[in-house]
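*Asks:* One letter stands for each residue in the lines below.
There are 4 protein chains.
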Amino acid sequence: MTRAVQTAVVGVTGYAGAELARLLLHHPRLKDKPPVFAGRVDEKDAARGGVPLEEIHPQLADNNGSGSLKVEPFSWERLKDRGVEVLFLATPHEQSREWVPEALKHGLRVVDLSGAWRLSDAKNRAVYAFEDEGSEVAAATQAKAAYGMPELHRKEIAGAKLVANPGCYATSVILAVRPLVAAGIVDLSHGIVADAKSGVSGAGKAPTSKTHFMHAADNLSAYGVFSHRHTGELLEQIGICASDIVFTPHLLPIPRGMMSTIYVRFNEAQTHESVARIYREFFASSSMVRIYEKALPQIRYSVRTNFADIGFQISSDGRRAVIVSCLDNLLKGASGQAVQNMNVMLGWDEAEGLA
Amino acid sequence: MTRAVQTAVVGVTGYAGAELARLLLHHPRLKDKPPVFAGRVDEKDAARGGVPLEEIHPQLADNNGSGSLKVEPFSWERLKDRGVEVLFLATPHEQSREWVPEALKHGLRVVDLSGAWRLSDAKNRAVYAFEDEGSEVAAATQAKAAYGMPELHRKEIAGAKLVANPGCYATSVILAVRPLVAAGIVDLSHGIVADAKSGVSGAGKAPTSKTHFMHAADNLSAYGVFSHRHTGELLEQIGICASDIVFTPHLLPIPRGMMSTIYVRFNEAQTHESVARIYREFFASSSMVRIYEKALPQIRYSVRTNFADIGFQISSDGRRAVIVSCLDNLLKGASGQAVQNMNVMLGWDEAEGLA
Amino acid sequence: MTRAVQTAVVGVTGYAGAELARLLLHHPRLKDKPPVFAGRVDEKDAARGGVPLEEIHPQLADNNGSGSLKVEPFSWERLKDRGVEVLFLATPHEQSREWVPEALKHGLRVVDLSGAWRLSDAKNRAVYAFEDEGSEVAAATQAKAAYGMPELHRKEIAGAKLVANPGCYATSVILAVRPLVAAGIVDLSHGIVADAKSGVSGAGKAPTSKTHFMHAADNLSAYGVFSHRHTGELLEQIGICASDIVFTPHLLPIPRGMMSTIYVRFNEAQTHESVARIYREFFASSSMVRIYEKALPQIRYSVRTNFADIGFQISSDGRRAVIVSCLDNLLKGASGQAVQNMNVMLGWDEAEGLA
Amino acid sequence: MTRAVQTAVVGVTGYAGAELARLLLHHPRLKDKPPVFAGRVDEKDAARGGVPLEEIHPQLADNNGSGSLKVEPFSWERLKDRGVEVLFLATPHEQSREWVPEALKHGLRVVDLSGAWRLSDAKNRAVYAFEDEGSEVAAATQAKAAYGMPELHRKEIAGAKLVANPGCYATSVILAVRPLVAAGIVDLSHGIVADAKSGVSGAGKAPTSKTHFMHAADNLSAYGVFSHRHTGELLEQIGICASDIVFTPHLLPIPRGMMSTIYVRFNEAQTHESVARIYREFFASSSMVRIYEKALPQIRYSVRTNFADIGFQISSDGRRAVIVSCLDNLLKGASGQAVQNMNVMLGWDEAEGLA
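Residue numbers (the working numbering), protein chains in the order written: chain A, 235 to 589; chain B, 235 to 589; chain C, 235 to 589; chain D, 235 to 589.
If you are wondering where the hints come from, they were derived from the structure by calculation, not from laboratory data.
Keep in mind it's a predicted model, so treat the numbers as computed, not measured.
Careful, some of the hints might be misleading.
If chains are identical, the list can't say which one is meant, so a pair holds when it fits in one copy or spans any two.
[Said to hold, decoys possible] 20 Å max Cα-Cα, derived SDA-like pairs, lysine to any residue: (1) 278 - 368; (2) 265 - 586; (3) 444 - 424; (4) 378 - 342; (5) 528 - 457; (6) 339 - 470; (7) 265 - 589; (8) 528 - 508; (9) 314 - 386; (10) 528 - 279; (11) 304 - 365; (12) 444 - 528; (13) 528 - 516; (14) 265 - 583; (15) 439 - 343; (16) 265 - 584; (17) 265 - 585; (18) 265 - 297.
Bound-form chain A, shown alone (with noise of 0.2 Å):
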């Protein structure tokens, strides 16, 4: 398939919008049809045609002053009239919950960036405690959801109606830990450390205590001890029970970017090159991760990219690791993986529009 398809995007105001907006309006398939964006919109600014999008993301304004490109107010029967054929939703879960049935039942393919759809397990889901749970409605949905990790997924998302796009964490985690786990050398009795860090953008664009400079600024504080919401996904995609593993999200005084510094041990002693070919044989046809064979990623190299960068140490006496995982909480953690999975799931190169 390699005509243009027509895309919008629901809820282009917050960081990880934002992103989505800047990518598809560059991608180069997409490049004459750009995204509705649709959304909320009062009478006062649905009577000029909605908002431009350079009101609320200066950032995105070419210099034409045109405001050309605007968020209207949101309607099934508008989006099958601008011939929409993908929708995503950078929505609140409990919207997602709501409005994906719904775009389903109106034949649209949905990439959906909230939490929503994520875990097949309802025990997994319980921390979120969705107001439709145990529905039926919701129960059919779930079951056509793929899980949008186009490196663990890659077929079922090409035939999906439903992506659901996985938590920034967890994408950080999961990339590094399931080629192990997958390859057998993971003593999983030992238990498996995963210490998070993430940027800002993360903890959203609502100004709360929480996400005030003179809180975040020159600070780090952990959160979320043994109770984090993304922690579902780890158990999920990688296989693994709740005893496990550990995982501790921390937050950074930077705007974006995460690492996961996670620990390991080994069954039996392995060495740099025998874990290394692990990964490389696991991600081989996975453009979008970097195997770092030298140095260890840092924040600033992944950062603004697409990429997920995953380096490690092995101890001297071979039987304990330490990963370090890195990637753009708003790309490969958001924005980025969502147009990854739309590449996938029309047929595109995986990488497209994401250098």
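Take the given structure of chain A and dock chains B, C and D to it, following the hints.
*Replies:* Only chains B, C and D this time, still in chain A's reference frame:
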């Protein structure tokens, strides 16, 4: 007067309040008389005698977990019962307009950190749109207020019942410009430019889109151009009129600290030494101002001190100067100056408890 | 001219060099002709064909670990063999003084990012103390140089063999002030003040006490007062003399981005619209300048774009203006403008590869 | 012993040195006895009696411009003439190896802030590759050294001639882990993970590519994986062997402050209260440790204090814990602990001058 006095602080929850608490708790004259902290306290907290200070500001905790310092429910009776003589108000402008007259009626001496009583000219006050503007009580209260900049008004402060603690921007500009204007060397017809930059604590503790880490970090923004509230203080205290100065504040991506870069032209050629002499003489009895004669001050030199740092450079023709004035907006720009004012009011060494 | 050309970059190791590499590698016209990277390379690295670009700038790596892009040992022969037509020099001033005449002799077209050839007036060049100052070759080379600001010199650049890419501070001030001075509305007798602030990348890659994190972070410092090297560019390009302007740079605690806050007085009262019109007309055919008509630009809006953002506010009497000019010091202030100049030289759309 | 003593500081130019100077200058027992500052001083500076301290650390200046505090040329005679009794060495490891034996010979009591004398086991010292390793003098000196962590070795420190001040990372991990290991509840067979993060001041004052603002800002990087020098201190002071722990330091984009996130498994299920009790008892007589029983500590709570802040969370099965340990790397992690050690050595209250 060498005996200790009982102080009280209303408004300890903000950034200036936290610094004020720290200073008063460690003030050598007040060691055995910790301030009374008072404010709005809900019923549940009132039942446990108030909110432990360390729950609001964990950095102020000692290690005994006793939580003995508490923010108690405010009432005038309580202040009286506790023998309070000096009241610090770190409250919003409108609240200070209301409470200061009452405090004076109760015989308290007040240091008010808000903008409520700084301006003697109603024209300059207009920007605040005080509800009680024009009332008799307000006029009588204003008449009692000393502008709390000891370097300019030491005597008035010593005798005052009410000290209006200056704005942070105002302090940094006035201390740098007033000596030169007073010496008659500034060519006002060419205008003064004060380009000021402040850390985020100056924007207050309320989480807003402006104080969000994602807005402030890696950024610089100008605001309040031709309209900032501190302008009136500049006019009244430097003794100039509105067309003589352009003052532009900017929000710096740092937690605290402030720099004003000030541009003046001279009536006739000056030398570095002639200007230095004017500053030295003006501040001869002022221990909290440091004149930089070699290098220029930088923000980090004055942060966490109560010093105002002033340096300057003269053009080769001796007709123009760039003056750099730095201070900590929470100390010399707020709570440090408030304590300095208390020291002056009580006949103590002006720098006591501020080293 | 629509065919691709072969470019070369000397000096890719610095911050501007990295951005230049990124831009040229993704330039739509040059996709199949990656630039030749050349520089000093030691014997060991020469033996492996040069230093892989991704060892110097890991963020530029793709994921195939091929390291195919290399910084090769520089020689004029090599450039010739590789068919280089356009040479970018991101080299120190003195090196550019030496190499540019040679490059021109070899028939190359040059975009020089250093300060070597920006100033036509020897008086203004004095601050650089070039060793070859006064030589015949230097004079002849200078005579060939076009000042690389397309918004002012598009035609000259189109025909030039040598383009002297402007300084970052100079770009931000000239673009904001030149239109108003050209329109004759600025009262120069009152003087212009340009208070500029730049991120740390502007201070270069060499680790110094000034670029140390502990110096720059949580700080602001003024430097080069009355003496910064970019002043000569302001004088020559705006068309004013030294006493007409005071320009003060400051070091901001951010990686990249720049703001100049500029203060001018007008000969007669202006309105917001009258000034906006002057800017709009001046930049009518300039796609890389954005005029802000409602809010003021902030640094973060222009960072990682090639736009120069200009906004302003007029005093109520219409006689004074505060102009805020923002750009990314590594893009519009360096490598982005260099690519823009290349586009103009080659007859391509000026904005190509810069979106 | 309540009389004042004369102290001296060698190595005041670094970050720890500046903090040490500040603490000693304001120490209530030493007010009238400012420390002697000594170091390498060139001839020109020697001629003016040394380098004024405020030229090195402008933030330490008072406002009289007297520059009376000077870094004088070092000699043992001078220290003797000045009546120095306690010597602080904030010098490189090798210099401390050389000077400490001499200082002891001159009858001085020494607090050494370097890593020179912290490790009693030669195997652990190997990483430093000391030139005098194995010499008789070195062995005799090491035998005299007390490990300067009052919470573990108060008595030894009180009687010691030589106190080896601990490493910052070591302090943050040991204080958090030693109490639990000593109580016998930690299952060492599963291994301890200590994921530590430090501000840039920990990397020293030398400008390097690692301390460059452009490297550190907006970044996070792991380093010293499986090889950091502080590991030996962990082993000796916690009482474990190398395979029991993995310790990974990271460089945080903040000036100062440190957090260690520590993962342990318990032999049998614990409760929050059972663990809190262990900590409370262990630190019952330690005023510089704060146990957080409700929330977790954050870096900013301990920065600019001498407190070590420890908090923790227990998994629902009671078998695993995440411990968060924060301190200021320049205070409890260096100079504050050095002053605490001096207090203990001199029989003063351990917290004196550290509030």
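*Asks:* It remains to establish, for every hint, whether it holds in the given structure.
*Replies:* Cross-check of the supplied hints:
{"no.": "1", "hint": "278 - 368", "result": "neither (40 Å within a copy, 39 Å between copies)"}
{"no.": "2", "hint": "265 - 586", "result": "both (12 Å within a copy, 14 Å between copies)"}
{"no.": "3", "hint": "444 - 424", "result": "neither (34 Å within a copy, 34 Å between copies)"}
{"no.": "4", "hint": "378 - 342", "result": "within (13 Å within a copy, 60 Å between copies)"}
{"no.": "5", "hint": "528 - 457", "result": "between (32 Å within a copy, 13 Å between copies)"}
{"no.": "6", "hint": "339 - 470", "result": "neither (27 Å within a copy, 65 Å between copies)"}
{"no.": "7", "hint": "265 - 589", "result": "both (15 Å within a copy, 12 Å between copies)"}
{"no.": "8", "hint": "528 - 508", "result": "within (14 Å within a copy, 44 Å between copies)"}
{"no.": "9", "hint": "314 - 386", "result": "neither (32 Å within a copy, 47 Å between copies)"}
{"no.": "10", "hint": "528 - 279", "result": "between (54 Å within a copy, 17 Å between copies)"}
{"no.": "11", "hint": "304 - 365", "result": "neither (32 Å within a copy, 41 Å between copies)"}
{"no.": "12", "hint": "444 - 528", "result": "between (37 Å within a copy, 17 Å between copies)"}
{"no.": "13", "hint": "528 - 516", "result": "within (19 Å within a copy, 43 Å between copies)"}
{"no.": "14", "hint": "265 - 583", "result": "both (16 Å within a copy, 17 Å between copies)"}
{"no.": "15", "hint": "439 - 343", "result": "neither (27 Å within a copy, 43 Å between copies)"}
{"no.": "16", "hint": "265 - 584", "result": "both (17 Å within a copy, 19 Å between copies)"}
{"no.": "17", "hint": "265 - 585", "result": "both (16 Å within a copy, 16 Å between copies)"}
{"no.": "18", "hint": "265 - 297", "result": "within (18 Å within a copy, 25 Å between copies)"}
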